[in-house]
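There are 2 protein chains.
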Amino acid sequence: MEATLIKSLYRETQNYINQTVTISGWVRTIRDSKTFGFIELNDGSFFKNVQIVFGDALDNFKEISKLSVSSSIIVEGILEETPNAKQPFEIKAAKIAIEGLSDPAFPLQKKKHSFEFLRTIAHLRPRSNTFSAVFRVRSIAAYAIHKFFNERGFVYVHTPIITGSDCEGAGQMFKITTLDLNDVPKDHDGKIDYAEDFFGKETNLTVSGQLSAETYALAFRNVYTFGPTFRAEKSYTARHAAEFWMIEPELAFADLEDNMEIAEDMVKFIINYVRENAPEEMEFFNKFIDNGLSERLDNVVNSDFGRVTYTEAIDILKKSKENFEYPVEWGIDLQTEHERYITEKVFKKPVFVTDYPKDIKAFYMRLNDDNRTVAAMDLLVPGVGEIIGGSQREERLQVLTGRMAEMGLNEEDYWWYLELRKYGGTRHSGFGLGFERVIMYLTGMSNIRDVIPFPRTTGSAEF
Amino acid sequence: MEATLIKSLYRETQNYINQTVTISGWVRTIRDSKTFGFIELNDGSFFKNVQIVFGDALDNFKEISKLSVSSSIIVEGILEETPNAKQPFEIKAAKIAIEGLSDPAFPLQKKKHSFEFLRTIAHLRPRSNTFSAVFRVRSIAAYAIHKFFNERGFVYVHTPIITGSDCEGAGQMFKITTLDLNDVPKDHDGKIDYAEDFFGKETNLTVSGQLSAETYALAFRNVYTFGPTFRAEKSYTARHAAEFWMIEPELAFADLEDNMEIAEDMVKFIINYVRENAPEEMEFFNKFIDNGLSERLDNVVNSDFGRVTYTEAIDILKKSKENFEYPVEWGIDLQTEHERYITEKVFKKPVFVTDYPKDIKAFYMRLNDDNRTVAAMDLLVPGVGEIIGGSQREERLQVLTGRMAEMGLNEEDYWWYLELRKYGGTRHSGFGLGFERVIMYLTGMSNIRDVIPFPRTTGSAEF
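Protein chains in written order, with UniProt numbering: chain A, 1 to 463; chain B, 1 to 463.
It is worth saying that the hints were derived from the structure and are not from the lab.
Glycine is no exception: its CB is placed at the ideal position from the N, C-alpha and C atoms.
Check each hint, because a few of them may be wrong.
Not the full set, but computed from the structure, chain A residues with beta-carbon under 8 Å of chain B [stated by the list, open to error]: (1) Lys-7; (2) Phe-106; (3) Gln-109; (4) His-113; (5) Tyr-143; (6) Asn-150; (7) Gly-153; (8) Val-157; (9) Asn-182; (10) Phe-198; (11) Ala-254; (12) Phe-454.
DSSO-like, lysine-lysine: derived pairs with alpha carbons at most 27 Å apart [what the hints assert, rightly or not]: (13) A:Lys-191 <-> B:Lys-111; (14) A:Lys-186 <-> B:Lys-191; (15) B:Lys-186 <-> A:Lys-191; (16) A:Lys-191 <-> B:Lys-191; (17) B:Lys-110 <-> A:Lys-422; (18) A:Lys-186 <-> B:Lys-110; (19) A:Lys-7 <-> B:Lys-191; (20) A:Lys-422 <-> B:Lys-186; (21) A:Lys-48 <-> B:Lys-422.
Between beta-carbon pairs, the in silico distance windows are [stated by the list, open to error]: (22) A:Lys-111 <-> B:Gly-402: 32 to 38 Å; (23) A:Arg-239 <-> B:Asn-410: 34 to 40 Å; (24) B:Gly-408 <-> A:Ala-97: 34 to 40 Å; (25) A:Thr-29 <-> B:Leu-418: 21 to 27 Å.
Please work from the sequences and hints to get the whole structure.
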């Protein structure tokens, strides 16, 4: 059907003043007196509503006066400027057709609901201001990421979701099967007979596309993944979900320095793009969700990110007078309290911590000449802590297999990964960015369940 | 590291003529005589190679002469035009540094390999011309889709991959579990005790994001999904994979006509965008993979897609003198032979077939006034058959629950889906586009295994 979008009315108001327009949408609020009334209408195209004024000249005035919240209607009327009102214009309705009446029991009435309650109506919550803003920002941020990499010639790779190996090493995995769980087939030795399973072997949901992405970086030079990843660790925190989206760029002929440069550019690009393309939503977040948001984002886009080695960071932490819950010693994995101290108190801006002890990092990270540390980098940001983890990858076959042996990994499981070093390997680097972490950072929302349309967490896979 | 991309050398040659440039990449071919040699170098940024000329003035001439295919090198030299040669320019090397030597056993030597063989080295095949072209086109097509919807204000929704319901109705599903398959916990009644499973209930991999997408369309008006979907049906055809990506737009205040318009615009946009942004790759496909490709794509972008109802299509098929393997009768599901006859012989262009018998379509499709057909549409294209399937959705609660009862579906499983009709439902429509089908159509590749980086099919989840 032909209808003008409310977004157009706001963005190109001059084209519509005193013109007849037709719009369609959902009633957010309605109030009426005997002879006239007001409807706040939202059509989904834009964060803001349009005010509709209707009077008893309408044939169906009585019916319209009684409309329940969330009913859908089609309005024809004249757009008039309202220089003395809060909103810049309103529509004087000449005709209002009812598209779909809402049951008056609609649970999202004007009164404020808790985010916890809204999770129980995840199919309706995007009709509220907060979640309309969150999920539009999520969409815009996703586009920003594709745009950033596309403009730089990166090839987007769909790495597999179902993985035939359990050796990605980043966490516990979900099993995938078509076997009958009531009667799992066993072989002579009493072991599960995977020959009868769909893939003829054990399969899991991926925890990272990195190893696959490396194969494509060594063909296309610069590549990235952007897809769902999974963790089967039981966790009830506000920061962990079992299903989340991750961005994993991988760059050939690139060292740790190149890696940090692209990460810094990317973070700034995403923030700038979202602010430019969702100014109303970002204003809303700053006003109602997190008062410090706008200032924090300003600080990120306007600063050169700091650099500090892990060893230096440990020194700084030890010399600080802070009373940390977790004691600081060279060799420990930094805790959120340490990360936040470094980025919030010391640097007061985002900072890359580099060159971590090899023993707390993955086997594929490039060993430094000191033999104790690896060319890893984590990006810490004020207010959150780590949002990016990356490294230069070990391209030297002997060093890599040596590290694998140290860590008890089986070379056969990684035959194709090792072949990348055999057939024209190059220095290469990459990192991972948790998409939901970015959305939380951009919006100020503090629970990961509130930035995923239908979250999957320990004990919960509703809808 | 600082290096100029080969793509820039080709696209902005004028800036580099007679200049010293540094490039890095992989040796595709090498030939040499006593005092000089030629290397075809590819750096992953571009489909074409650059010719490097090197002579015995190089310190390491001997070493370079013996480089194995796929070795990675860094070349510094002067770019010179070659007006009388096949290639527009070449680089006279002043320095060549070896980044990584390739084992001479590198399996992708110049001779032609079968696609079947190349699937066994899926980690290396993107280094060949064909797969470099396929996977760059895949990336560009993905971007085209995001760009198309973003420019039209559609919100991108990440619908869940793990689904708590087995009622999406589009096919057999993979189970997801963290239960110990060696010892599946059972309750008193001998049934599987899902209380011990990660989500506390049975979960599966999604077969479609549509039902979830509808919830967001009724908030954001126009939305789309673009993510992985799964089918556990055993199949060994060239057109079916267990894991594939799907695009599912959903539009509120939109009927079947609106749906077809957006589908037609989208298909044309993707083709035009890919041809503009990958002209070298598309030329390659037309020359080496499918001679009719270019003409077929011309035909698609330049035609107004046809429209025919299912009932008319059946009449046409019955009146034809064709000897179909599957007999034609009103009520049958159209087979590929029927679809191809309609689109290739009758219309000679893409055609939407609409208004299918309700009994062969899903419960959520809107019932037409004749009570026999539903407002469905399939887009058939010459050379392939169906690439899009969509419908207007049933927005009338009573009609929908009536259809569900007819089909034996349980209302409780769909409580949130039904609530969309209760709380301000609107006419709405959407469709699904199989991403791999599009890539096959764009490239002329005839096996779905050759357009997915690491394909998952019945019996196969390698890499």
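Against the structure, the hints:
| no. | hint | in the structure |
| --- | --- | --- |
| 1 | Lys-7 | holds, 6 Å |
| 2 | Phe-106 | holds, 5 Å |
| 3 | Gln-109 | violated, 11 Å |
| 4 | His-113 | violated, 15 Å |
| 5 | Tyr-143 | holds, 5 Å |
| 6 | Asn-150 | holds, 5 Å |
| 7 | Gly-153 | holds, 6 Å |
| 8 | Val-157 | holds, 6 Å |
| 9 | Asn-182 | holds, 6 Å |
| 10 | Phe-198 | holds, 6 Å |
| 11 | Ala-254 | holds, 7 Å |
| 12 | Phe-454 | holds, 5 Å |
| 13 | A:Lys-191 <-> B:Lys-111 | violated, 44 Å |
| 14 | A:Lys-186 <-> B:Lys-191 | holds, 19 Å |
| 15 | B:Lys-186 <-> A:Lys-191 | holds, 19 Å |
| 16 | A:Lys-191 <-> B:Lys-191 | holds, 21 Å |
| 17 | B:Lys-110 <-> A:Lys-422 | holds, 18 Å |
| 18 | A:Lys-186 <-> B:Lys-110 | violated, 46 Å |
| 19 | A:Lys-7 <-> B:Lys-191 | violated, 53 Å |
| 20 | A:Lys-422 <-> B:Lys-186 | violated, 49 Å |
| 21 | A:Lys-48 <-> B:Lys-422 | holds, 24 Å |
| 22 | A:Lys-111 <-> B:Gly-402: 32 to 38 Å | holds, 35 Å |
| 23 | A:Arg-239 <-> B:Asn-410: 34 to 40 Å | holds, 36 Å |
| 24 | B:Gly-408 <-> A:Ala-97: 34 to 40 Å | holds, 36 Å |
| 25 | A:Thr-29 <-> B:Leu-418: 21 to 27 Å | holds, 25 Å |
In this structure, the earlier hints numbered 3, 4, 13, 18, 19 and 20 are contradicted, and the remaining ones agree with it.
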